[in-house]
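There are 2 protein chains.
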Amino acid sequence: MKKTIAIAATLSALGSPVAAEGIIISENSSRKSMLASKEQFTGTVFVEPMFDANEQNGHSTGLVTFTPGARTAWHSHPRGQLLIITEGAGWVQEDGAEKRNVKAGDVVWFAPGIRHWHGATDTTLMRHIALSYMENGTNVAWSDQVTDEQFLD
Amino acid sequence: MKKTIAIAATLSALGSPVAAEGIIISENSSRKSMLASKEQFTGTVFVEPMFDANEQNGHSTGLVTFTPGARTAWHSHPRGQLLIITEGAGWVQEDGAEKRNVKAGDVVWFAPGIRHWHGATDTTLMRHIALSYMENGTNVAWSDQVTDEQFLD
Chain A
45 MKKTIAIAAT
55 LSALGSPVAA
65 EGIIISENSS
75 RKSMLASKEQ
85 FTGTVFVEPM
95 FDANEQNGHS
105 TGLVTFTPGA
115 RTAWHSHPRG
125 QLLIITEGAG
135 WVQEDGAEKR
145 NVKAGDVVWF
155 APGIRHWHGA
165 TDTTLMRHIA
175 LSYMENGTNV
185 AWSDQVTDEQ
195 FLD
Chain B
45 MKKTIAIAAT
55 LSALGSPVAA
65 EGIIISENSS
75 RKSMLASKEQ
85 FTGTVFVEPM
95 FDANEQNGHS
105 TGLVTFTPGA
115 RTAWHSHPRG
125 QLLIITEGAG
135 WVQEDGAEKR
145 NVKAGDVVWF
155 APGIRHWHGA
165 TDTTLMRHIA
175 LSYMENGTNV
185 AWSDQVTDEQ
195 FLD
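In the order they appear, the protein sequences are chains A and B. So for the first sequence, this note's numbering puts the first residue at 45; every next one is plus one. So for the second sequence, this note's numbering puts the first residue at 45; every next one is plus one.
Since the hints were made in silico from the structure, they are not lab data. Keep in mind that a hint or two might mislead.
Because identical chains cannot be distinguished in the list, a pair is counted as satisfied if it fits within a single copy or across any two copies.
[Said to hold, decoys possible] Below are the SDA-like pairs computed for lysine to any residue, each with C-alpha atoms no more than 20 Å apart in a straight line:
1) Lys76 x Gln189
2) Lys143 x Asn72
3) Lys147 x Thr130
4) Lys147 x Met178
5) Lys147 x Arg75
6) Lys147 x Ile173
7) Lys76 x Thr168
8) Lys76 x Lys147
9) Lys82 x Glu193
10) Lys76 x Arg144
11) Lys147 x Gly106
12) Lys143 x Gly66
13) Lys82 x Arg123
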């Protein structure tokens, strides 16, 4: 009974019309991209929720598109995050370490609790799938913005 | 100490030379595609492990390419599986239900324990990222092959 409610809630959140017994399909065409909040991102970033966390998978799944120059604010994840870069090239940086290049096809693991940011480069778009693992009902802790100086350093 | 060993094991399995403190990058160019076993797949299927399960994420991450006509055997996942279709078009089917179409951009959730298969169509390639959730050290239970009659039905 609990599982039925959880699945119904997932379907509701995705606005999906599909409700098979054991298979749920979130169709690409049924989802919505939204502009990311200017409080947590710099520049123009689109966020598309792909699939909600459920009891078994334990993570949200989203598609994030960073236009050139755009990036997240500094942040951390209580249970970590996995990025699958699907298009373009971008930068990731852990606080106190060197900025690093990532490109389409790369997979990036951010360990729990580390302060970091990720985004496009100054000249290229970067798109990634983000798997953000839930802990006690949350999967991210936001901090201050990445300044232009930090971004270009 | 336990975490350090887990991360080292992950790096070892991926053959990755990168060992930053809090960020692990699996580069696209560092990974290997392998032909999938004929015992668990029909037709020509390539499997590329993208990232190993760790204590926080709890799932393997792999890229699977089904050439036209290729498909998994019937199987189930003890804790479910999430597919992100990245290219082409394919079919998925739960035992006892109708075969369903999936295409690039769709996300597919298979609930724990349901008997099903997934693959290309008879004429198109299908590629997906597969997140397979671990339970007691395993994430799949294989069964018999999908016959041509079942595949084309």
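| query | Of the numbered hints stated previously, which ones are contradicted by the structure, given in increasing order? | reply | The structure conflicts with hints 1, 4, 7, 10 and 13, although it agrees with all the remaining ones.
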